[in-house]
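Novice: Chain residues, written in single-letter form:
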Amino acid sequence: MSSPAAVADPAAPTGGPAAGGPGPARPPRWRRALTTLADGWLLLALLVVWEVWARADPSLFFPPLTKVLGEFGSVYLTSDPSTLFLSAGFWDNAGVSLARFLQGWLGAIVVGVAAGLALGRSRVLSRMYDPIVRFFMSMPKVALLPVAVQIFGVTDAMNVFLIFLGTVWIILVNTADGIAGVDESWVRSGRSLRLSRFALFTRVLLPAAAPRILAGIRVSVGTALILMIVSELYATTSGLGYQIVYAERTFAYLEMWAGLVLVALIGIALNGAMSAVERRLLRWERRTGLADL
Amino acid sequence: MSTAPAGPATTEGRIARLGYPVAGVASVVAVWALASGLGLVAPEALPGPLAVLAAIPQLLGDGEFLPELGDTLWTWLVSLVLTTVVAVPVGLAVGSVPAAQRATMVAVNAFRSVPSSALIPIGILIFGLGITMKVALAVYAIAWPILISTLYGVASTEPMRIDAGRSMRWPWWRRQVFVVLPSALPQIATGIRIAASVALVVVVSTELLGASTGAGVVLVSYQQGLRPDVVYAGVLLLAAMGAIVYALLAGLERRLFTWVPHV
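Chains R and V, in that order, give the protein sequences. Numbers 0 to 292, taken from numbering that gives the first Met the number 0, label the letters of the first sequence in order. Numbers 0 to 262, taken from numbering that gives the first Met the number 0, label the letters of the second sequence in order.
Don't read these hints as lab results, they were simulated from the structure. Quick caveat, the model's predicted, so the values are computed rather than measured. Not one of these hints is a red herring.
Partial chain R-side listing against chain V, Cβ under 10 Å, derived:
id, residue
1, L43
2, F61
3, R122
4, S125
5, S137
6, I150
7, G165
8, V218
9, I228
10, I243
11, L259
12, L264
13, G266
14, A268
Residues from chain R shown here face chain V by an in silico Cβ test under 10 Å; the list is partial:
id, residue
15, L45
16, I131
17, T222
18, A263
19, I265
20, L269
We put the beta carbon where it would ideally sit given N, CA and C, even for glycine.
Okay, chain R solo, but in the shape it has when bound:
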């Protein structure tokens, strides 16, 4: 488990070897980056299997990876450094999609963490709204897509609404759990130090609950991406999902696969960024083995 005592007072001599910083056995950063790179052999092998398979059994629907990457390069990349080597096709579609993603997801974080704080601190509220939260947790939010289209029409608000509704609950539940699990004696110590309500939240409760909150936020990234794409496949006139479905309808299958590669890369980049943020914010937490990856 984490040693959250280090949150309240990082200078205190704690027993945990990892509380103060990286342990002695930790190799330097470049070395770790190299190991991670070497650990990519399986991924590479699987991609080679894709290539060989598609070449051995040619199908219009399942092109080899190299052709897909070539198409990807010609559609989404340019040689113009002023646009970060990314073409207008990239910025138009990815920009629209990411704007929807960010609006819905950031809104869900704000609302989810705020509501989670309230439910985590108040036993009455958590008892009252537990059934509602459970209900929305188990609801396949995507089923609301037809209704969302009717409410908002084919606008950005429809996508944002769906992403928000699909991610807010998991963040809320994790925040509430994390807050409710904070050791009551820390809250009492904070009170005895006459911390203001606000300081109590920002200095004691939020840091102590941060691992759970961030775990919820991390899960929500994947869900938000799924919902972003579904809502764009279902009804829009722009965005990454639209790009894929448009290519499919115009029988441009290579372009469709190129769109998938783009979505995959964006997903990998967002998830990678999220883990980096998580690791940075939770550096005080001891991590070993697979969790270190």
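Using the hints provided, position chain V relative to the given structure of chain R.
Specialist: Structure of chain V alone, referenced to chain R:
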């Protein structure tokens, strides 16, 4: 959610246990009723609670929804079982080879970062509009969480126990089945519970986007028939179904894994 310890078995405790949730649900329904009653939201956007409630029997009675709901449930079950049967042994095998473990994590992290919904058009092209496509996409979506939780579970096995197995000269498979698997099961179960909700989302998504059968297909047709009350009723029923399955899984977990301390 944190469930407060059950109160003493007095009338007061019972009122507190039942009263709070009832009050909470009532407050939400009241806000909903007010919003639609006062015309804050258009009736075609959000019909009132009574209208939605009245649409439930209609939906159940139309002779089409229940079989389609069964179809959705069946697809869901098939993909969950199929993935579990494949991913858990793979995770156990890979988890016992340290060299393969990290490489698998890198590959799995890459594949699970691909939003599975982006594969729906491709799945439709390759597998058509039937159940094969739905299962294939759901399996892709949930294989990774189940595999990851299996790997984490394997990694969290007490090394001393494996050594104990070794000192008894248990063969590799026996250590995996009788030492590693029981230690990893709670983590695996958590992974399966997460996978269950993801699979339902993916299955319903494929139904909205063209699959030929399933509850989502019925919802789309009611949507096109401009009956939002029925659509909401359908969403309520889907959520109820999800909640029931979730509760069943959690109950099964508690019953099966009696050696795991519950908090």
